[in-house]
Amino acid sequence: MGIPAFDYLRPSSLADARKAYEASGEARYIAGGQTLLPVMKQRLAQPASLIDLGGIAGLSGVRLEGHTLTIGAMTRHADVAASPDVRRLIPALAHLASLIGDPQVRNRGTMGGSLANNDPSADYPAAVLGLGATILTDSRSISADDFFDGLFTTTLEEGEIIRAISFPVPERAAYEKFAHPASRFALAGVMVSKSAAGVRVAATGAGQAGVFRVVEMESALGKDFSAKAIEGIKLAADDMIADIHAPAAYRAQLVSVLARRAVAAIA
Amino acid sequence: MPQITLTVNGTRHSLDVPANALLVDVLRDTLSLTGTHIGCDTSQCGACTVHMDGRSAKSCTVLAVQADGTSITTIEGLQKGAELHPMQEAFRKHHGLQCGFCTPGMIMAAVALVADKPDIEEAAVRHGLEGNLCRCTGYQNIVAAVLDGARTMHAAGTTGG
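Line by line, the protein sequences give chains A and B. Residue 84 in our numbering sits at position 84 of the first sequence, with consecutive numbering throughout. Residue 45 in our numbering sits at position 45 of the second sequence, with consecutive numbering throughout.
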């Protein structure tokens, strides 16, 4: 299939990466490339320049500071899944990472790349929104609630680079996913977390506008954290994705079932 | 043209590669290591699986320039002289292949999968091979081979690759 030619740049700092982006007419950043390279093969993206973030030191790894786990944007899914700190403090996040794609994809794909892409069926958006994380970029902090902005769209500005993601450690959290058997993307996936700040429920794979919070479930669970408390809550099928793999009503039902399973796992 | 350094199966190469060259193309076309296959070329089938610094990766979905400075192992790098790697031997013994097209990728994925798991169980093998497709539907013997290969690799002290 091949990829059309482009200029390749490998800056060694975030500032240089930003400069390279601004100097180029039509640039894209590449992190792990597990989405971008297939997309370029299909000619759905044809950047004039590719700016590789792989040469910038300090963008990988997991750091624990107080009650916050900060994960570098270039940290591979496999390393999130295997991190002793993530497994101990937010096992739901390690579990979610272990379900992304397949081992080869998890060895290359990165958290920052996945979030910047904001695929409506990706797993990490549910983790970030469901755990109330903060996106740290080269110029500012963006709360999860202000970050996702529709299909494949975020509030990142032109050229802005995700540096790390900070996850507050919840009291409890669980992620339940119904994976498409071939692509392993989520037909639906639900992250539920409970912490002093409250209960959060975030669903991916299902919503027409990408990841979303299920506010009605959150308030019910805030009063009674049990699967029974959300039994009667149905989601409107109008807002759900419908495609050859699953109709909208099926996805709405999946979100309800997965949310109950997630709650039951930690109630 | 960007210049990269790749250590492939223990041999260091300095190469001028086009920025848009895929790692698999450099392995096959420049270094003539055609044991690494291109199946789907869309990151799904895993026939192109190699190890980058010991971890499995789909070489059709890595730019050669992204692999600069890494150590790559391909299927050709597993065998020691005339002696097959224990995982290769297990695939032979259990007939873990039919047409053989997926086999190099299956073996590279399997070696990486079991490297630190001598006692891996069947369910973990099946989950761990999700990135590799066999169109002959020969999974039963592949799984048997990987389970046996894991045991013999660790008994022989080979983490190899």
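These are calculated hints, taken from the structure and not from any lab test. Since we're looking at a predicted model, the values are computed, not measured. One should not assume that every hint holds.
[As the list claims (entries may be wrong)] Label pairs and their computed distance ranges (CB to CB):
# : chain 1 : residue 1 : chain 2 : residue 2 : range
1 : A       : Phe-152   : B       : Gly-10    : 40 to 46 Å
2 : A       : Ser-183   : B       : Thr-137   : 18 to 24 Å
3 : B       : Thr-34    : A       : Phe-152   : 25 to 31 Å
[As the list claims (entries may be wrong)] Stretch by stretch, here's where chain B covers chain A in the computed footprint (C-beta under 8 Å, at least three residues):
# : region
4 : 6 to 13
5 : 104 to 113
Don't be surprised by glycine CBs; every beta carbon is placed ideally from N, CA and C.
Check whether three or more residues of the region 104 to 113 of chain A sit with their beta carbon closer than 8 Å to a beta carbon of chain B.
As far as the region 104 to 113 of chain A goes, the hint holds, because 4 residues have Cβ atoms under 8 Å from chain B.
Falls inside 18 to 24 Å, the C-beta gap from Ser-183(A) to Thr-137(B)?
About 19 Å separates the Cβ atoms of Ser-183(A) and Thr-137(B), which means 18 to 24 Å holds.
A range of 40 to 46 Å was offered for this pair. Does it hold for the Cβ distance of Phe-152(A) and Gly-10(B)?
holds, 42 Å
Please check whether the region 6 to 13 of chain A has three or more residues whose CB lies within less than 8 Å of a CB on chain B.
holds (count 4)
Should the hint that Thr-34(B) and Phe-152(A) are 25 to 31 Å apart at their CB atoms be regarded as holding?
Because 37 Å falls outside the window, the suggested range is violated.
Consistency note: the structure conflicts with earlier hint 3 alone.
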